[in-house]
Amino acid sequence: MTDVLVLVDHDHGEPRKVSRQLLSAAREVCGGPVHAVVLGAGARDSAERLGAHGVTTVYTWDAEEADRYVTETRTAALCAAIERSGARVVLFPADPFLTDVAARAAVRLGAGIITDAVGLERDGDAVVATKAIFGGEMTSRCTVRGERPELVGVKANAFDASESGGAAPELVELDVPLPGQAARAEVVEVVEEAGGERPEMTEATIIVAGGRGLGEADGFGLVERLADSLGGAVGASRAATDAGWYPHQHQIGQTGKTVAPQLYVGLGISGAIQHRAGMQTSQTIVVVNKDAEAPIFSIADFGVVGDLHAVVPQLVAEIDKRRA
Amino acid sequence: MRIICPVKRVPDTAAAKVLRPEDHTLDRDAGEAVLNANDEWAIEEAMRVKERDGAEVVALCVGPQQAQTTVRKALSYGLDAAIQVTDPALHGSDAAAVARVLAGALAAEDFDLVLMGNQSSDARTMLVPAMLAEFLDLPALTYAKRLDIDGRTLTVHRESSGGHVVVRADMPAVVSVVEAINEPRYPSFKGIMAAKRKPLDTRDLAAVGVGADEVGLAHSWTRVVDVSPRPTRQAGETVTDDGSGTVGAVALADFLSARKFI
Ligand SMILES: Cc1cc2nc3c(=O)[nH]c(=O)nc-3n(C[C@H](O)[C@H](O)[C@H](O)COP(=O)(O)OP(=O)(O)OC[C@H]3O[C@@H](n4cnc5c(N)ncnc54)[C@H](O)[C@@H]3O)c2cc1C
Ligand SMILES: Nc1ncnc2c1ncn2[C@@H]1O[C@H](COP(=O)(O)O)[C@@H](O)[C@H]1O
Numbered sequence: 018m019t020d021v022l023v024l025v026d027h028d029h030g031e032p033r034k035v036s037r038q039l040l041s042a043a044r045e046v047c048g049g050p051v052h053a054v055v056l057g058a059g060a061r062d063s064a065e066r067l068g069a070h071g072v073t074t075v076y077t078w079d080a081e082e083a084d085r086y087v088t089e090t091r092t093a094a095l096c097a098a099i100e101r102s103g104a105r106v107v108l109f110p111a112d113p114f115l116t117d118v119a120a121r122a123a124v125r126l127g128a129g130i131i132t133d134a135v136g137l138e139r140d141g142d143a144v145v146a147t148k149a150i151f152g153g154e155m156t157s158r159c160t161v162r163g164e165r166p167e168l169v170g171v172k173a174n175a176f177d178a179s180e181s182g183g184a185a186p187e188l189v190e191l192d193v194p195l196p197g198q199a200a201r202a203e204v205v206e207v208v209e210e211a212g213g214e215r216p217e218m219t220e221a222t223i224i225v226a227g228g229r230g231l232g233e234a235d236g237f238g239l240v241e242r243l244a245d246s247l248g249g250a251v252g253a254s255r256a257a258t259d260a261g262w263y264p265h266q267h268q269i270g271q272t273g274k275t276v277a278p279q280l281y282v283g284l285g286i287s288g289a290i291q292h293r294a295g296m297q298t299s300q301t302i303v304v305v306n307k308d309a310e311a312p313i314f315s316i317a318d319f320g321v322v323g324d325l326h327a328v329v330p331q332l333v334a335e336i337d338k339r340r341a
Numbered sequence: 547m548r549i550i551c552p553v554k555r556v557p558d559t560a561a562a563k564v565l566r567p568e569d570h571t572l573d574r575d576a577g578e579a580v581l582n583a584n585d586e587w588a589i590e591e592a593m594r595v596k597e598r599d600g601a602e603v604v605a606l607c608v609g610p611q612q613a614q615t616t617v618r619k620a621l622s623y624g625l626d627a628a629i630q631v632t633d634p635a636l637h638g639s640d641a642a643a644v645a646r647v648l649a650g651a652l653a654a655e656d657f658d659l660v661l662m663g664n665q666s667s668d669a670r671t672m673l674v675p676a677m678l679a680e681f682l683d684l685p686a687l688t689y690a691k692r693l694d695i696d697g698r699t700l701t702v703h704r705e706s707s708g709g710h711v712v713v714r715a716d717m718p719a720v721v722s723v724v725e726a727i728n729e730p731r732y733p734s735f736k737g738i739m740a741a742k743r744k745p746l747d748t749r750d751l752a753a754v755g756v757g758a759d760e761v762g763l764a765h766s767w768t769r770v771v772d773v774s775p776r777p778t779r780q781a782g783e784t785v786t787d788d789g790s791g792t793v794g795a796v797a798l799a800d801f802l803s804a805r806k807f808i
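Protein chains in written order, with this note's numbering: chain A, 18 to 341; chain B, 547 to 808.
Worth flagging that the hints you see were computed from the coordinates, not collected in a lab.
Note that this is a predicted model, so its numbers are computed, not measured.
Among the hints, a few may not be true.
[Unchecked claim] Computed spacing ranges between beta-carbons, pair by pair:
id	chain 1	residue 1	chain 2	residue 2	range
1	A	R125	B	G757	17 to 25 Å
2	A	R165	B	R566	21 to 29 Å
3	A	A58	B	S734	30 to 38 Å
4	A	D28	B	I738	24 to 32 Å
5	A	K34	B	R805	34 to 42 Å
6	A	K34	B	Q780	30 to 38 Å
[Said to hold, decoys possible] Pairs of lysine to aspartate or glutamate, EDC-like flavour, derived with a Cα cap of 20 Å:
id	chain 1	residue 1	chain 2	residue 2
7	A	K338	A	D318
8	B	K744	B	E602
9	B	K736	B	D626
10	B	K806	A	D337
11	B	K744	B	E655
12	A	K307	A	D245
13	A	K274	A	E209
14	B	K736	B	E590
15	A	K338	A	D245
16	B	K563	A	E154
17	A	K307	B	D696
18	B	K596	B	D658
19	A	K274	A	D79
20	A	K338	B	D800
21	B	K806	A	D318
22	A	K34	A	D177
23	A	K274	B	D788
24	A	K307	A	E210
25	A	K307	B	E597
26	B	K742	B	D656
27	B	K596	B	D683
28	A	K274	A	D337
29	B	K744	B	D800
30	B	K806	A	E187
31	B	K806	A	D245
32	B	K563	B	E578
33	B	K596	B	D696
34	A	K34	A	E154
35	B	K736	B	E597
36	A	K274	B	D558
Idealized CB from N, CA, C, for every residue including glycine.
If we strip away everything but chain B, and leave its shape as in the complex, we get (with noise of 0.2 Å):
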């Protein structure tokens, strides 16, 4: 068996975000620059099946130069090699742009799973996953909190708002995973050292197959017209209880019935 986790770098939540002023993109040089969280579920699902069944995981991984910490990382929990797509005309790419790239790199590999997150903390469009199963006419099984695997079968079990949807495919598919599907691991102090030295095979547009007028900012199907910072909130009243409840209880009643509320 051989899986793809497809892997993003992406700002930490915590670092200040710098908009390039001419494009509305982000300077991705600006702040503290992290692997997805959602993608290291993925990994460590990944890392199940292959220690379970045996598997060989590959990390995939879109962006620029600099995302080669962000696929060394993903290395150090023990996967076995990486792809690195990088190419100055990514620059500005929107999700589908981003799919068809991935899409391209995996139409040139065997593969029988793709593992991946769910969302981006950044983008957050929550759309690759279903748009790189539509380029690859794959099905997909998202939202995964639960995968099991049964010959060339996959059941998901999918998060919903009232519970879980049992979902069903063959493989090869799309599979994308939520938090509440495992508790990864942390990179062993070999796995960090390991990973300097597994393959990272580096390509750019054309050796995956994708032109350059199909992505980046010029090409991709949806274009930003303005970003804005949104208004600070101010921090509001405050009342302190006096530790009968009574006091909190009756302020806040009264807040929110002057509010509508109740």
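Bound-form chain A, shown alone (with noise of 0.2 Å):
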């Protein structure tokens, strides 16, 4: 048993799914009590609502400085609420923005650091941590090396969200203190493009990727024809972005994102090595191309070799008639 931090991300006082799911997974893994830290505008709201999630003590810091600055001002909150809990394992979301605050907490406690860990066993007072490495080729274990603090950033969809019920947590406010203003990093506007109504890409659990194959950056109006009918986020190759059909945030791959959905659905992309490092550790990967020789093929479970200009639309009719 041992006592573990979960670093809770929320949209406006709601617990992200995320975080959800990683409650689940300290409360599972761990077997000790599980404190939570809630950051920013609305962390209050969202911190009485963790007690369904078997979370005992809340540490908030309910203050606009933590949305003013991009990292620095929360990495000050995560080591108060760290050295305030005594916690030696914590889990947060291994998004781009949390691992920042996560990397320099590390530096600042002298606690060790592991990313995009897809699975945890508990391992005396520490976990170990699995996650993938070498794009997919390879797996890893790793954890922490002595006594120090161990940070784990989880992937989303790695495990399940549940409720465990249980009392309203104690409510603890961080009294932070601000690094230097030299230190810091402003947020000056942040600006949401189109398409946001859409899953993001590293928390969903389908993808439709969409590649060269399509012709035009119109023929993404074809994947996420799709990708809306089957609920899913919309990723790119990097021939798509590069061609500037499509932004670069959604682009899987070496130089772009790790994903491992449920259902990878890949058209008109060949699966060049460096797309494959960033999609392959996927469950299931189902891919249209019209060239049978395409490398995509040798690692889908399901392949359609056909034009997707013709397919795809009769796929998207075909799922709306089974669905009536």
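Hints in hand, dock the two standalone chains.
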């Protein structure tokens, strides 16, 4: 049994799905008291809901400063929560913003940090984290050395979210020492692009990705239609993002994002090694490609050799028909 | 202005990876090695600042002796000089240990800006930029898809899942970049020839003020328990469409229904 602290990410006070998954993981794996830390505007609203997830103590910092700076003020708050809770293991969602926060906290506390974990096992007071390395070619199990705190970034959907029920947690307001002004990076503006209604690629259980085979930027309309009918996110190959057909934040692969959804659908993507490095640990892979020799078929659970412009619209219609 | 570009030598993605069974570290002599792709965007961005505003640009690499070829490659893009930190004690260092060594080397340098890639293709921890900034007590503007410099003020468009966040800080600062920031140039023949004669300063750990007991396999804060190859994926069923789209669509829908995705 070990004390664990979960960094709970929230959307205006509503704990995000990944946070609920991490709280389940904390209960199941660590078996000890689960503490949580919630930061930024709305933190207190969020904190009050965490009793249902078995949290005993919530550290909050419901301050505007947390949101005004991109990383450094949250780092100070996370460090304060780790020290106050005495937790040995800290779980955080493996998202780029929070990974920066945890990275700085690890240096400040002399803690070990492991990112992108997809599995956790308890080992004495610490945990052993499982993660894919070398673009999914290998799996590694890592932990911390010695008695230091352990920060583990956990990927979305690695665990199921379940509620456990429990008493209202004790709320502790953090008193956060702010870092010097010179060391802070300030948020000036948050810009949301179109398509914000779809799930995020790194959190989606289904991703429909498009490549050069779409032929033109408008081809992504087809990818979006299939994604919407499956309730999935939209991904892209580098050929497609390079051509300006879709924004780079949707790129999957070596120089883009690593994803491992339950279902990956590849449309007009050849499956170059740099693309596979970002998706080959997906649970189920299906593809449509007109070239039977395309390397993507060698890792696909199901493949259609055919023209995506003919197959995909009919697939969308077929899905609608079966659901009706 | 003086810009430092940390650059990493990584195995080529297509190269076979061989791990040393005794300590799970990568055998870095086993396959083809290259300059980490994301670092090329950082170098390009530094070169653009140099060409626009004037700057001295210096590459900084932590790695084995053989990484010298990576450093020369970085120089071939037109950088002015390079520093390589190499020491047998570095073997098996984790992200924090590497960041500590980079910070040690930077502590002795004058610099305004550290420009680096947001991820290395092998370790891919995405930790080093933020950790380096923390060791140096500097702001970090990471995942930049656009960088503007106005006097001493840096403004970055930080890529986010929904679009971007505009983030600002004053120099000195650490900036990490994503692929979308620019289109890197190819080294010119002249650049490649000149790279051979550019100053390359090689330092050991003591020279950058880091103890052998702070880095390497035995002293890193994290530890690899074991590594195993992922079971290779088997190609599944394929269906060839007849050109109408119907055959493919129905077969795919059947598969998705059977797997409960529909
Ligand atoms: C350092 C480096 C980093 C890289 N990083 C990444 C990365 O992060 N992500 C990434 O994706 N790539 C990356 N790449 C690029 C990678 O090597 C490939 O060039 C890229 O993945 C190809 O994209 P694609 O499959 O869309 O295009 P292509 O390889 O051109 O494939 C298009 C496919 O579409 C099929 N097709 C064409 N028309 C149709 C049709 N009408 N119907 C059905 N199928 C059709 C073709 O048969 C073909 O197989 C990187 C490369 C390098 C060197
Ligand atoms: N050994 C190294 N020497 C110099 N720079 C490095 C080294 N390792 C990582 N970096 C830098 O840190 C960035 C992010 O790498 P990583 O955190 O390993 O994903 C890279 O793009 C490099 O700019």
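Each hint, compared with the structure:
1. R125/A with G757/B: 17 to 25 Å: With a Cβ separation near 19 Å, R125/A and G757/B satisfy 17 to 25 Å, so the hint holds.
2. R165/A with R566/B: 21 to 29 Å: holds, 25 Å
3. A58/A with S734/B: 30 to 38 Å: violated, 51 Å
4. D28/A with I738/B: 24 to 32 Å: Check failed, 50 Å falls outside 24 to 32 Å.
5. K34/A with R805/B: 34 to 42 Å: The hint (34 to 42 Å, Cβ to Cβ) is violated, given that K34/A and R805/B are roughly 22 Å apart.
6. K34/A with Q780/B: 30 to 38 Å: holds, 32 Å
7. K338/A with D318/A: Judged against 20 Å, a Cα distance of about 24 Å means the pair is violated.
8. K744/B with E602/B: holds, 13 Å
9. K736/B with D626/B: Since the Cα atoms of K736/B and D626/B sit roughly 14 Å apart, the hinted pair holds (cutoff 20 Å).
10. K806/B with D337/A: holds, 15 Å
11. K744/B with E655/B: Measuring from Cα to Cα gives roughly 18 Å; hence the hint holds.
12. K307/A with D245/A: violated, 23 Å
13. K274/A with E209/A: Judged against 20 Å, a Cα distance of about 19 Å means the pair holds.
14. K736/B with E590/B: holds, 17 Å
15. K338/A with D245/A: With Cα atoms ~15 Å apart, K338/A and D245/A stay inside 20 Å; holds.
16. K563/B with E154/A: holds, 9 Å
17. K307/A with D696/B: violated, 50 Å
18. K596/B with D658/B: Holds, at about 13 Å.
19. K274/A with D79/A: violated, 31 Å
20. K338/A with D800/B: The given pair, whose Cα atoms are some 12 Å apart, holds under the 20 Å limit.
21. K806/B with D318/A: The given pair, whose Cα atoms are some 14 Å apart, holds under the 20 Å limit.
22. K34/A with D177/A: This hinted pair holds, its Cα atoms lying about 9 Å apart.
23. K274/A with D788/B: With Cα atoms ~35 Å apart, K274/A and D788/B exceed 20 Å; violated.
24. K307/A with E210/A: Given that 20 Å is the threshold and the Cα spacing comes to 32 Å, the pair is violated.
25. K307/A with E597/B: violated, 45 Å
26. K742/B with D656/B: violated, 24 Å
27. K596/B with D683/B: Cα-Cα ~25 Å, so violated.
28. K274/A with D337/A: violated, 30 Å
29. K744/B with D800/B: violated, 62 Å
30. K806/B with E187/A: violated, 41 Å
31. K806/B with D245/A: holds, 16 Å
32. K563/B with E578/B: holds, 10 Å
33. K596/B with D696/B: Judged against 20 Å, a Cα distance of about 14 Å means the pair holds.
34. K34/A with E154/A: Violated, because 28 Å separates the two Cα atoms, which is more than 20 Å.
35. K736/B with E597/B: Holds, at roughly 17 Å.
36. K274/A with D558/B: Holds, at roughly 18 Å.
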